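Dock chain F against chain P, hints included.
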Amino acid sequence: MGFLSRFFKPADTGLIHLPAGSFTMDRDGKIMTSTLPQSFPSEHLRAIGDQVLASFRSAKKAQMPLAEIVIQYSALKLLARELRGGAIVFLSPQSLNQKLNPKLKKSP
Amino acid sequence: MPAQPKILLLDDDQDFLDLYREMLSQHLPSMPEVRAANSGGRALSLLESEQFNILIVDLNLPKMDGLQVVTIARRKYPQLRLVVLTGIRDEQFRTRAYALGVDQYWIKPETDQEMGLFMESIDSLINREAQAGFRGVQSKSLVDIIQLECLSQSSCMLKIINGATEGKIYIQSGEVIDAEVPGVNGEPAFQRILSWKTGSFETLPADLTRVRTIFSSYQGLLLNSAQAIDEAASLDQVATAENGAAPAGAPAVGNVASMLTEVSQMEGVEFVLALGVEKNRSQNFWGLENPKPMVEFTRQTLDNFRALGERLQVGELQQITGTGPQRKVAVAPCGNSELCIGFPPALSAEQMRDSFKNILTKWAS
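Here the protein sequences line up with chains P and F, keeping their order.
Under my numbering, the residues of the first sequence are numbered 1 to 108, in order.
Under my numbering, the residues of the second sequence are numbered 1001 to 1365, in order.
Same shape as in the complex, but just chain P (with noise of 0.2 Å):
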């Protein structure tokens, strides 16, 4: 994948699509696995783990340690679990027919 993308780079635009997955980090903040994909930024995936770690620390700090912290934007829908310090994040863009009519994300 590394060496393809090498020849295939991505269109020069800045317009990023919001992708669905995960990808789990370890307790330094360092990403350790991905299913998303690499057209996805890193610095991206970063920005939201080291959110998500900084939430749970200071949850702890807190005397209130979390296992789990869902954050719901309007677009996208981010699901973080603690792992040993480090975590894993699910991401699940949401959309507009999903809003207007939830019974479609029931649908098989």
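No lab work stands behind these hints, which were simulated from the structure alone.
The structure presented is a predicted model; accordingly, all values stated were derived computationally and were not measured.
Treat each hint with caution, since some may be false.
Said to hold, decoys possible - Straight-line distance between alpha carbons at most 25 Å, and here's what the computed BS3-like set of lysine-lysine pairs gives:
| # | chain 1 | residue 1 | chain 2 | residue 2 |
| --- | --- | --- | --- | --- |
| 1 | P | LYS61 | F | LYS1292 |
| 2 | F | LYS1168 | F | LYS1362 |
| 3 | F | LYS1357 | P | LYS77 |
Relative to the frame of chain P, chain F by itself:
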């Protein structure tokens, strides 16, 4: 706003700019002045120096993409109408564009009919701007809007959004027949909606199957609601004067104190923390011995994830929920406050979501 409407077109394709500039300036009845920009930076500097009614923006742009331009334009120029006109047929970008506050999302027209529809929609945006002069209810109160709808004998549904809460008022042939906020219907829901001081509204087609639950005339209804709001406000003032302090030693006053009490009595609530935002940095709490660490957690978490949302261009941060062995917690911005509510760990995720939604509704009211 200038007498002659002004439209700013943003696209990196010069042929497209030339074509649409001609189309819009010569074929729209309002004969708008159309300016063009071929980069996000150029468009933002034009917006800085001149006043425009509408910005029509492509998404696929080099360097600064269309979503970035939309994010900045919506924040800096809330009155500006934003229209996305793009070749990208992708449901996700449409969702994200609407989440960032665009008014319309168009795929670049390919047929005469589509072009006609696009031109009509731009014309209607310009006309709405000229006739109404407000976006949402910034310069008109909700009472004004309801009176206008009722006087014109119209049938419609008013959808009113106040923070995370949504309310609906059903009007049929100039009469208010029903109202709805999460968990409440009829006249109490109408009164609750009317107590909202800010928000945005949308007029939607009437729901003709809606069952009538309100039988008072709209004038009587408005009078009753105004009276109820006045009474509630004066009761709050009396309570504050008598008690002198908020529950649990919090330095709350008026509404916040009574809201804290009300929320704390809701099933499953273990603690409540309400933080003022911007200039008002007040901290009101119930059920916390030492609120400082929780204040830090709430502020830091909301600030961090708001910044992350802006970076990812995914729209407004709606809420954050956390689950731990000792307790569950829900955090959300709500009007001029930031709320953090603690729940017992045994509560199911669905129960917590429902309870938190009710709390947000009450708080927004």
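Do the hints match the structure? See the list:
At roughly 11 Å between alpha-carbon atoms, P/LYS61 and F/LYS1292 fall within 25 Å of each other, so this suggested pair holds. Between F/LYS1168 and F/LYS1362, the direct Cα distance comes to roughly 15 Å. Compliance with the 25 Å bound is thereby established for this hinted pair. Taking the CA atoms of F/LYS1357 and P/LYS77, the gap is near 17 Å; set against the 25 Å cutoff, the hint holds.
Comparing the model with each earlier hint shows no violations; every hint is respected.
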